[in-house]
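*Asks:* Sequence:
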Amino acid sequence: MTNVFNFDTKQFDTAQVESMFIAPARAFAALSVDFTEKMVNAQLEATKSYADTNMAQLRKLVEVKDVEGLKSYLEGQQEVTKELTERLKADAEKAVALQQEFAQESQKLTEASVKQAQDSAQKATETATKAVKEAAPKAAK
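Note that UniProt numbering has the sequence shown beginning at 1, numbered continuously upward.
Derived by calculation from the structure, the hints in this document are not laboratory data.
Each hint should be verified, as a subset may be incorrect.
What follows is a set of in silico ranges between Cβ atoms, one per label pair, in the way DEER data are often shown [stated by the list, open to error]:
(1) 83 - 20: 23 to 31 Å
(2) 55 - 31: 34 to 42 Å
(3) 83 - 16: 29 to 37 Å
(4) 118 - 95: 32 to 40 Å
(5) 87 - 14: 24 to 32 Å
(6) 71 - 95: 50 to 58 Å
(7) 109 - 74: 24 to 32 Å
(8) 130 - 109: 26 to 34 Å
(9) 106 - 14: 19 to 27 Å
We put the CB at the ideal spot given by N, CA and C, even for glycine.
Generate coordinates for the entire structure from the input sequences, incorporating the hints supplied.
*Replies:* Quick look at the structure:
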């Protein structure tokens with residue numbers, strides 16, 4: 001019985017497979033992991049900031065003991081709201097910048113892969129054309 005999984009790997013040009021498929025996939029995967037890490041870190045940082053702000057506000061609310069304290073607390077909420085709005089805006093801008101960076105880097109990787117594929121196809125065409133030209137006079141004899 002023959003083993004269908006026992007084949008000679010020397011018949012395959014692994015360098016070409018590596019350069020055309022595996023290397024670009026690896027580069028895109030690395031870019032994706034870096035992007036994901038940056039986004040997760042940005043989200044964690046934002047979440048911690050919002051949680052810290054909320055906890056500080058809860059502590060201030062717990063310290064309210066009279067009408068004047070409540071009035072002071074409520075007046076402070078306007079400033080807190082303004083700060084949170086600015087933080088949300090900055091966080092959104094950061095996320096958009098990260099996404100734009102990822103898109104630009106992805107496009108560069110894609111363009112490099114396409115160019116490499118075009119160069120490989122051009123070389124293969126030239127090699128095939130040369131082989132046909134060399135074989136044509138021999139076949140005519």
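*Asks:* Against this structure, judge whether each hint is valid.
*Replies:* Hints versus structure:
As the Cβ distance of residue 83 to residue 20 is approximately 52 Å, the hint placing it in 23 to 31 Å is violated. Evaluation of the 34 to 42 Å hint for residue 55 and residue 31 yields a pass: the beta carbon distance comes to about 36 Å. In this structure the supplied range 29 to 37 Å is violated for residue 83 paired with residue 16, their Cβ-Cβ distance being about 57 Å. Under the hint 32 to 40 Å, the C-beta atoms of residue 118 and residue 95, about 35 Å apart, fit the expected range.
Between residue 87 and residue 14 the CB atoms are about 51 Å apart, so this pair departs from the stated range of 24 to 32 Å. Between residue 71 and residue 95 the C-beta distance comes to about 37 Å, which lies outside the given range of 50 to 58 Å. Between residue 109 and residue 74 the Cβ separation comes to about 53 Å, which falls outside the hinted range of 24 to 32 Å. Taking 26 to 34 Å as the suggested C-beta distance range, the pair residue 130 and residue 109 conforms, at roughly 32 Å.
The beta-carbon spacing between residue 106 and residue 14, approximately 26 Å, falls within the hinted interval of 19 to 27 Å.
When each numbered hint is compared with the structure, violations occur for hints 1, 3, 5, 6 and 7.
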